[in-house]
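In order, the protein sequences belong to chains G and P. Heads up, the first sequence is in my numbering, so the first residue is 1 and it goes up one at a time. Heads up, the second sequence is in my numbering, so the first residue is 1 and it goes up one at a time.
Treat the hints as calculated values from the structure; they're not laboratory data. Hints may be right or wrong, so weigh each one.
[Claimed, not checked] Covered, in the sense of this in silico footprint (three residues per stretch, anywhere, with C-beta under 8 Å from a C-beta of chain G), are these stretches of chain P:
1) 19-29
2) 47-57
3) 123-137
4) 158-170
[Unchecked claim] Ranges between beta-carbon positions, derived for each pair:
5) G:L143 / P:P14: 36 to 46 Å
6) G:T19 / P:P164: 26 to 36 Å
7) P:S168 / G:L190: 18 to 28 Å
Note that CB positions come from ideal geometry on N, CA and C, so glycine has one too.
Protein chains: 2
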Amino acid sequence: MGAPVERIRVRRLPELAVTDPAVLRDILDAGMAGHVAIVHNGQPFAVPVAYGRSGDTVLFHGSTGSRLFRELAAGAPCCFSVMLLDGLVLARSAFETSMWYRSAMVLGRCEVVEDQVPALRAISEHILPGRWELVRPPSRKELAATLVLALPLTEWSVKVSAGPPESSPEDEGWSPPVGVVPLRTVRGALIEGEA
Amino acid sequence: MGAPVERIRVRRLPELAVTDPAVLRDILDAGMAGHVAIVHNGQPFAVPVAYGRSGDTVLFHGSTGSRLFRELAAGAPCCFSVMLLDGLVLARSAFETSMWYRSAMVLGRCEVVEDQVPALRAISEHILPGRWELVRPPSRKELAATLVLALPLTEWSVKVSAGPPESSPEDEGWSPPVGVVPLRTVRGALIEGEA
Numbered sequence: 001m002g003a004p005v006e007r008i009r010v011r012r013l014p015e016l017a018v019t020d021p022a023v024l025r026d027i028l029d030a031g032m033a034g035h036v037a038i039v040h041n042g043q044p045f046a047v048p049v050a051y052g053r054s055g056d057t058v059l060f061h062g063s064t065g066s067r068l069f070r071e072l073a074a075g076a077p078c079c080f081s082v083m084l085l086d087g088l089v090l091a092r093s094a095f096e097t098s099m100w101y102r103s104a105m106v107l108g109r110c111e112v113v114e115d116q117v118p119a120l121r122a123i124s125e126h127i128l129p130g131r132w133e134l135v136r137p138p139s140r141k142e143l144a145a146t147l148v149l150a151l152p153l154t155e156w157s158v159k160v161s162a163g164p165p166e167s168s169p170e171d172e173g174w175s176p177p178v179g180v181v182p183l184r185t186v187r188g189a190l191i192e193g194e195a
Numbered sequence: 001m002g003a004p005v006e007r008i009r010v011r012r013l014p015e016l017a018v019t020d021p022a023v024l025r026d027i028l029d030a031g032m033a034g035h036v037a038i039v040h041n042g043q044p045f046a047v048p049v050a051y052g053r054s055g056d057t058v059l060f061h062g063s064t065g066s067r068l069f070r071e072l073a074a075g076a077p078c079c080f081s082v083m084l085l086d087g088l089v090l091a092r093s094a095f096e097t098s099m100w101y102r103s104a105m106v107l108g109r110c111e112v113v114e115d116q117v118p119a120l121r122a123i124s125e126h127i128l129p130g131r132w133e134l135v136r137p138p139s140r141k142e143l144a145a146t147l148v149l150a151l152p153l154t155e156w157s158v159k160v161s162a163g164p165p166e167s168s169p170e171d172e173g174w175s176p177p178v179g180v181v182p183l184r185t186v187r188g189a190l191i192e193g194e195a
């Protein structure tokens with residue numbers, strides 16, 4: 001896994017930048033969906049995708065009928081971003097009110113994964129561990145309709161904001177409750193049923 | 001608020017496309033952060049941002065020191081995307097395993113908001129209703145360091161996936177638990193403290 005390079009160096013709030021690839025992997029493993037940015041006719045698009053990780057590669061899939069996915073498959077430059085919101089930071093001032101977050105951005109070009117099933121399995125296991133063994137595997141026809149893409153974790157940046165609220169002498173006289181409201185995603189019980 | 005136009009028409013799974021602007025507003029109001037995609041030297045970037053909504057405009061802010069924010073302020077084409085994950089859809093087949101989601105994508109060019117305080121307040125109220133009244137308002141110096149941008153809800157698309165798992169005759173013999181695992185974001189109790 002490569003180190004962050006110049007065009008993706010964190011310039012804003014560089015004290016929040018993280019260069020440890022283990023943190024990148026942790027963020028990717030903790031998220032369920034991200035956004036892939038791609039340019040078409042000069043217009044950027046940020047497209048939501050579920051994803052998985054296999055070693056130093058992000059995996060995601062789309063339809064062979066999707067124009068943007070075909071462009072990704074053809075090697076168009078892209079950016080894959082994931083953001084996890086961990087808390088709301090309540091400071092004394094509007095300016096320092098912020099969020100706890102972990103965000104990762106990976107730049108590069110995708111490769112088409114020819115060996116689709118292990119990659120689709122990795123995406124499935126990422127989100128629903130153990131589920132793959134229980135369900136009907138993809139048919140040849142379903143695989144033919146699916147583009148599986150791999151983006152290497154070569155050029156990336158990570159930011160982690162996890163500190164307490166900041167205050168300044170200007171805040172004197174302002175005494176709202178201050179601290180952090182933690183955020184977490186909860187999975188409920190299965191609501192059984194099907195179409 | 002304009003209708004979705006050709007370059008953003010939902011082509012994949014068009015049965016999930018929603019053209020009611022009330023749904024767009026609901027999605028924007030339910031989310032806390034999104035991604036802004038922008039192109040720099042041919043490379044797309046998807047940058048996480050907190051945001052708010054005021055009428056038919058998405059509002060977000062960044063630092064005047066951010067190169068990408070300065071490019072947005074100069075009117076570079078962008079895409080603002082928000083995705084809400086509402087559930088995990090457990091089907092009998094790998095192919096139909098999916099998610100409940102609501103996603104919105106807004107294309108356009110930002111305008112710089114000169115009257116910063118009401119816009120910053122709208123962003124704050126979006127995420128932390130009532131908080132703005134309790135905190136120190138931004139100082140002149142803090143405002144000078146902040147770019148507030150507005151993106152009109154003119155060209156947009158929305159997709160909503162909320163149906164039960166689909167099955168097919170091929171799935172016969174596969175009987176895992178099927179249904180939907182709901183996902184929700186929970187705010188915990190304030191952990192008091194500051195730096």
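Tested hints:
1. Counting residues of the stretch 19-29 of chain P whose beta carbon lies closer than 8 Å to any beta carbon of chain G gives 0, which falls short of the minimum of three for the stated coverage.
2. Figure legend: the stretch 47-57 of chain P, annotated as covered by chain G; annotation consistent (3 residues with Cβ-Cβ distances under 8 Å, at least 3 required).
3. For the stretch 123-137 of chain P, the assignment as covered by chain G holds, since 9 residues bring a beta-carbon within under 8 Å of that chain's beta-carbons and 3 suffice.
4. Taking a C-beta to C-beta cut-off of 8 Å, the stretch 158-170 of chain P contributes 6 residues in contact with chain G, enough for the three needed, and the coverage statement holds.
5. Distance hint check: the CB atoms of L143 of chain G and P14 of chain P are about 23 Å apart, inconsistent with the given range 36 to 46 Å.
6. Remark: the range hint 26 to 36 Å for T19 of chain G to P164 of chain P is contradicted by a beta-carbon distance near 44 Å.
7. Between S168 of chain P and L190 of chain G, the C-beta spacing of about 21 Å keeps the proposed range 18 to 28 Å intact.
Checked against the numbered hints given earlier, the structure breaks hints 1, 5, 6 and satisfies all the rest.
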